[in-house]
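S.K.: No gaps in the numbering here: position 91 of the sequence shown is 91 in the UniProt record's numbering, and each next residue is one more.
Derived by calculation from the structure, the hints in this document are not laboratory data.
Please read all numbers here as calculations on a predicted model, not as lab measurements.
Take these hints with a grain of salt, some might be off.
[Unchecked claim] With a straight-line Cα cutoff of 25 Å, these simulated BS3-like cross-link-like pairs (lysine-lysine) come out:
no.: 1; residue 1: Lys8; residue 2: Lys36
no.: 2; residue 1: Lys131; residue 2: Lys144
no.: 3; residue 1: Lys36; residue 2: Lys17
no.: 4; residue 1: Lys97; residue 2: Lys86
no.: 5; residue 1: Lys86; residue 2: Lys131
no.: 6; residue 1: Lys129; residue 2: Lys86
no.: 7; residue 1: Lys166; residue 2: Lys144
no.: 8; residue 1: Lys23; residue 2: Lys36
no.: 9; residue 1: Lys144; residue 2: Lys129
no.: 10; residue 1: Lys166; residue 2: Lys131
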Amino acid sequence: MLCPECGKRPATLHYTKIVNGEKTEFHLCEVCAQEKGDVMSGFEHGFSFHQLLSGLLNFNSSPQEAYKPQTLRCNTCGLTYNQFSKIGRFGCGNCYKTFRERLDPLLRRVHGHSSHRGKIPERAQGELKLKRELEQLKAELASKIQAEEFEEAARLRDQIRSLQEKLEQ
Numbered sequence: 001m002l003c004p005e006c007g008k009r010p011a012t013l014h015y016t017k018i019v020n021g022e023k024t025e026f027h028l029c030e031v032c033a034q035e036k037g038d039v040m041s042g043f044e045h046g047f048s049f050h051q052l053l054s055g056l057l058n059f060n061s062s063p064q065e066a067y068k069p070q071t072l073r074c075n076t077c078g079l080t081y082n083q084f085s086k087i088g089r090f091g092c093g094n095c096y097k098t099f100r101e102r103l104d105p106l107l108r109r110v111h112g113h114s115s116h117r118g119k120i121p122e123r124a125q126g127e128l129k130l131k132r133e134l135e136q137l138k139a140e141l142a143s144k145i146q147a148e149e150f151e152e153a154a155r156l157r158d159q160i161r162s163l164q165e166k167l168e169q
């Protein structure tokens with residue numbers, strides 16, 4: 001596909017813009033995209049999955065910090081965090097524990113939370129659903145106590161007690 005702007009070079013940059021709910025697709029060559037200012041910073045020479053993963057893994061670091069050698073290393077397989085950020089996968093199961101401190105913020109950023117929240121099987125839905133609701137209410141209770149909203153905290157405490165009674169039955 002040729003770039004619709006210049007009609008000379010192949011359109012290698014494909015992206016979608018959504019403004020006020022209106023979706024517009026663009027297919028441009030790199031030169032025209034740079035002229036229009038539609039290339040994201042850091043991706044002037046194209047985009048790759050590796051760049052995306054590296055960007056997510058180093059989202060708290062400055063560009064200078066990203067190039068400092070990483071000393072965090074897995075005791076079991078010897079993989080460093082820097083190596084993980086380059087290859088995008090762990091060497092062993094212990095890597096999850098070793099790099100946990102850095103993975104939690106990454107998972108929260110990507111998924112919204114750091115614990116698995118998969119689908120609940122229909123036959124187990126009742127109890128699991130109650131447990132999740134109980135977990136959520138306890139977190140909400142802690143925040144209400146922290147904010148000194150004691151009337152709301154008392155209401156939540158009573159809800160928690162009734163859910164715990166349902167689970168014990």
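S.K.: Hint numbers the structure violates, sorted upward?
M.R.: 5, 6
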